[in-house]
Amino acid sequence: MNLILLGMNHKTAPLDIRERLSISCEEGIRSLRELMHIPGIEGMIYLSTCNRVEVLAQTTDTQEAAEQLKSFIFGHGNLSREEMNRCLYMYRDDEAVRHLFRVTSSLDSLVMGEPQILGQVKDAYRQAVENQTTGIILNKILHHAFRVAKRVRTETGIAANAVSVSFAAVELAKKIFGGLKGKTVLLIGAGEMSELAARHLISQGIDQILIANRTYARAMQMAEEFHGTAVAFDHLEETLRNVDIVISSTGAPGYVITAGMVSTALHRRKNRFLFLIDIAVPRDIDPAAGDIDNVFLYNIDNLQDIVDGNIKNRGQEAEKAEAIIEEEVMKYTRWHNTLEVVPTIVSLKGKAEGIVRGELEKSFSWMQNMTSEERKNIEILVGSIMNKILHDPIISLKEESQDYGVMAYVAALRRLFKLEE
Amino acid sequence: MGLLFFKLALAAYLISTLGYVVSLLIRRVLVAKVSTGILLVAFLLHTISLISRFIASGSLPIMGIHDTLSLFAWILCGIYLILQLKTKTRVLGAFISPVAFLLMIVASVGLEGSVSLPDILKGGLVTAHITLSVAGEALFALASCAGAMYLIQDRLIKYKTIGSFSRLLPSLKDLDKINHICLLWGFPLLTLGVLAGSIWARTVWGSHWQWDPKQIWTLTAWLLYALLLHQRLAIGWKGHRVALFSLLAFILLLIGFIVEKLFFTTVHNFL
Chain A
1 MNLILLGMNH
11 KTAPLDIRER
21 LSISCEEGIR
31 SLRELMHIPG
41 IEGMIYLSTC
51 NRVEVLAQTT
61 DTQEAAEQLK
71 SFIFGHGNLS
81 REEMNRCLYM
91 YRDDEAVRHL
101 FRVTSSLDSL
111 VMGEPQILGQ
121 VKDAYRQAVE
131 NQTTGIILNK
141 ILHHAFRVAK
151 RVRTETGIAA
161 NAVSVSFAAV
171 ELAKKIFGGL
181 KGKTVLLIGA
191 GEMSELAARH
201 LISQGIDQIL
211 IANRTYARAM
221 QMAEEFHGTA
231 VAFDHLEETL
241 RNVDIVISST
251 GAPGYVITAG
261 MVSTALHRRK
271 NRFLFLIDIA
281 VPRDIDPAAG
291 DIDNVFLYNI
301 DNLQDIVDGN
311 IKNRGQEAEK
321 AEAIIEEEVM
331 KYTRWHNTLE
341 VVPTIVSLKG
351 KAEGIVRGEL
361 EKSFSWMQNM
371 TSEERKNIEI
381 LVGSIMNKIL
391 HDPIISLKEE
401 SQDYGVMAYV
411 AALRRLFKLE
421 E
Chain B
1001 MGLLFFKLAL
1011 AAYLISTLGY
1021 VVSLLIRRVL
1031 VAKVSTGILL
1041 VAFLLHTISL
1051 ISRFIASGSL
1061 PIMGIHDTLS
1071 LFAWILCGIY
1081 LILQLKTKTR
1091 VLGAFISPVA
1101 FLLMIVASVG
1111 LEGSVSLPDI
1121 LKGGLVTAHI
1131 TLSVAGEALF
1141 ALASCAGAMY
1151 LIQDRLIKYK
1161 TIGSFSRLLP
1171 SLKDLDKINH
1181 ICLLWGFPLL
1191 TLGVLAGSIW
1201 ARTVWGSHWQ
1211 WDPKQIWTLT
1221 AWLLYALLLH
1231 QRLAIGWKGH
1241 RVALFSLLAF
1251 ILLLIGFIVE
1261 KLFFTTVHNF
1271 L
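As given, the protein sequences belong to chains A and B, one line each in that order. Letter 295 of the first sequence, counting from 1, is numbered 295 in the working numbering, and no numbers are missing. Letter 176 of the second sequence, counting from 1, is numbered 1176 in the working numbering, and no numbers are missing.
So here's chain A without its partners, still in its complex pose (with noise of 0.2 Å):
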């Protein structure tokens, strides 16, 4: 296949070598075309994410070409040879691209089965197809990729479970308001996490968020920093009647909202649901405020309890998705095999002769009277004027053999003469 994929990630590169190299490299697009001029290298892709740095490139000759390629990585990302080879790992055709199908489909993710990751691959495919650093085969296997990601995605339940509390916190957000859209969210206090989680509800749609803290100036800022709205901290009893979701985490030593306040609330907003979040420790609503009918109060612990039980969960589903891998690594292997000349040719001859017995069959039948020398005539003539019709495009196609560009042409003339499978 003459593929080779290099690349560290979070797991055998620590943080400041993969920042290292990926800066270096994020100069992105000249360096894409730098690496092109490496010789024996027909195309490339290039991925840089904060979990991995990965070079997916086509070659004419692997040996050759992962040599150059690991020099210049070392020669570009400030890499010491020992650390390079420490932290580098390389595969080669089917496990190159069996590597690539489990990037993508978010089995090799520091977070398994997290959404994000197939985006970035897609960027960095586009970035790749504008600087025309791609060919047949390259496409196809990234086609292929995503296809097996949405499989993944699909037929598991690896991307079903949140694996992080902000990331939980959504999922029952979507439980109890079906979608996130125009729905409201107040955060109270600052914090990472908090903040952590209310991004991902704007990612998901929420349409207002409100921001109260007992320094209004900091509310403000952080409002400014959310496109958000800030409102006053002792107006709460009044907010909670306009938000559908309250993320708590003060630093306050006793209830910022009591379940008097929530109750009054929920009558005045109508019994519409009431989504409460607390991440603050101590606690900063009462969880008395719990028992009330259409109100759900969640902990940083009933969160964490989500988690853990979800990253149990994923193991099982891991194991799903490794099998579809590994399917789809054998059919993309079986696809890639037809693209060898031989078979090739082999499958055109095959498919002009079934043709042309299939018509001859259909005609002797209006040819009774013929004799069979007569027939045998028709059938030499047939079978000689296909002959010098193929014989072109098979001298061609075996000339063009001894060069790295055949793959167009085979592939090109399998969809012509529709030789898939």
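Worth double-checking, as some hints may not be accurate.
Heads up, simulated SDA-like pairs for lysine to any residue below, C-alpha to C-alpha not over 20 Å straight-line [stated by the list, open to error]:
id, chain 1, residue 1, chain 2, residue 2
1, A, Lys174, B, Lys1158
2, A, Lys174, B, Leu1168
3, B, Lys1173, A, Gly205
4, B, Lys1173, A, Lys320
5, A, Lys270, B, Leu1233
6, A, Lys312, B, Leu1168
7, B, Lys1158, A, Asp301
8, A, Lys320, B, Gly1163
9, A, Lys270, B, Lys1177
10, A, Lys174, B, Ile1235
11, B, Lys1173, A, Val170
12, B, Lys1160, A, Val170
13, A, Lys150, B, Lys1033
14, A, Lys270, B, Gly1078
Covered, in the sense of this in silico footprint (three residues per stretch, anywhere, with C-beta under 8 Å from a C-beta of chain A), are these stretches of chain B [said to hold, decoys possible]:
id, segment
15, 1149 to 1159
16, 1172 to 1185
17, 1246 to 1255
Each pair of labels, with its calculated beta carbon distance range [to be verified]:
id, chain 1, residue 1, chain 2, residue 2, range
18, B, Ala1226, A, Gly182, 45 to 53 Å
19, A, Asp94, B, Arg1241, 45 to 53 Å
20, B, Lys1086, A, Asp61, 58 to 66 Å
21, A, Pro282, B, Leu1025, 41 to 49 Å
22, B, Leu1233, A, Lys181, 19 to 27 Å
23, A, Gly182, B, Ile1152, 35 to 43 Å
24, A, Glu353, B, Lys1007, 49 to 57 Å
25, A, Pro282, B, Ile1105, 41 to 49 Å
26, B, Ile1251, A, Lys150, 26 to 34 Å
27, A, His10, B, Leu1030, 28 to 36 Å
28, A, Gln116, B, Leu1233, 42 to 50 Å
29, B, Ser1207, A, Gly260, 37 to 45 Å
30, A, Arg218, B, Gly1236, 30 to 38 Å
31, A, Arg218, B, Lys1086, 26 to 34 Å
Since the hints were made in silico from the structure, they are not lab data. Ideal Cβ placement from N, Cα and C applies to all residues, glycine included.
Knowing the structure of chain A, use the given hints to seat chain B on it.
Chain B in isolation, oriented as in the chain A frame:
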């Protein structure tokens, strides 16, 4: 002909029910999708059986307990299949198809014998009365199914036992919406059905009201649903309380139906 399709429909309802059970056990959406397809087939077979019975007898097949139950199951499935198009509530089918199957089993018991009806039970008003009432009650049945599912999902979320089962159930919002839609449509249908019945009763017996056990019971149910709808629309009841109320109201309706069948003689004996 009608009987053959009825039996085929019965079998299809059974397969669909089993499919839904399997989908709940192994938690795969694909199986549930197939089950929905089978339910659609069952519904179509059922439709054919109803049509051929109509052609054979010349009147709508809605008289007698068996026909009424079969009609009930048919309307229930029809409404569910329409809802399925509009909302993401496939799992509701897992609640609907066993109900339809059981109704069909009961309906199939005495199906072969044709019911001889007295002349006074023939006429457009009776047909309207039965069809509208049964449709209204089928909608209430669906509201109570959605209510039951709501209570399960609500409990799972409240008690923090989110698992793959909860993931299969629709969101609270969707379930509440189904409940709402079913009440909103079921109530006027039942109202019209009751009105049609009472007008017809006046023409036959000279009075709108006969103190018939079924009449009393239906009026009670009607009042309950009127109250529920009022609370929902005017007071703003939502979610948990409505789900519980509509489930209880329907159970009450069912108990009334069974008690009246077993212990009373009524002018509704034919239904």
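Structure-based check of each hint:
1. A:Lys174 with B:Lys1158: holds, 14 Å
2. A:Lys174 with B:Leu1168: holds, 13 Å
3. B:Lys1173 with A:Gly205: OK: B:Lys1173 and A:Gly205 at ~17 Å, within 20 Å.
4. B:Lys1173 with A:Lys320: violated, 32 Å
5. A:Lys270 with B:Leu1233: The hint holds at about 10 Å.
6. A:Lys312 with B:Leu1168: Roughly 18 Å separates the two Cα atoms, so the pair holds.
7. B:Lys1158 with A:Asp301: With Cα atoms ~14 Å apart, B:Lys1158 and A:Asp301 stay inside 20 Å; holds.
8. A:Lys320 with B:Gly1163: holds, 19 Å
9. A:Lys270 with B:Lys1177: holds, 15 Å
10. A:Lys174 with B:Ile1235: It is violated: about 26 Å lies between the C-alpha atoms, which goes past 20 Å.
11. B:Lys1173 with A:Val170: With a Cα-Cα distance of about 15 Å, the restraint between B:Lys1173 and A:Val170 holds, given a limit of 20 Å.
12. B:Lys1160 with A:Val170: holds, 15 Å
13. A:Lys150 with B:Lys1033: holds, 18 Å
14. A:Lys270 with B:Gly1078: violated, 32 Å
15. 1149 to 1159: holds (count 3)
16. 1172 to 1185: With 3 residues in contact (Cβ-Cβ under 8 Å with chain A), the coverage given for the segment 1172 to 1185 of chain B holds.
17. 1246 to 1255: violated (count 0)
18. B:Ala1226 with A:Gly182: 45 to 53 Å: Taking Cβ atoms as reference, B:Ala1226 and A:Gly182 lie about 31 Å apart, which means the hint is violated.
19. A:Asp94 with B:Arg1241: 45 to 53 Å: Given a distance of about 59 Å, which is not inside 45 to 53 Å, the answer is violated.
20. B:Lys1086 with A:Asp61: 58 to 66 Å: holds, 59 Å
21. A:Pro282 with B:Leu1025: 41 to 49 Å: For B:Leu1025 against A:Pro282, whose Cβ atoms are near 42 Å apart, the range 41 to 49 Å holds.
22. B:Leu1233 with A:Lys181: 19 to 27 Å: holds, 24 Å
23. A:Gly182 with B:Ile1152: 35 to 43 Å: violated, 26 Å
24. A:Glu353 with B:Lys1007: 49 to 57 Å: holds, 53 Å
25. A:Pro282 with B:Ile1105: 41 to 49 Å: The hinted range 41 to 49 Å is violated for A:Pro282 and B:Ile1105, with Cβ atoms some 57 Å apart.
26. B:Ile1251 with A:Lys150: 26 to 34 Å: About 44 Å separates the Cβ atoms of B:Ile1251 and A:Lys150, which means 26 to 34 Å is violated.
27. A:His10 with B:Leu1030: 28 to 36 Å: holds, 33 Å
28. A:Gln116 with B:Leu1233: 42 to 50 Å: holds, 44 Å
29. B:Ser1207 with A:Gly260: 37 to 45 Å: Violated, at about 54 Å.
30. A:Arg218 with B:Gly1236: 30 to 38 Å: holds, 35 Å
31. A:Arg218 with B:Lys1086: 26 to 34 Å: Hint violated: Cβ distance 45 Å, outside 26 to 34 Å.
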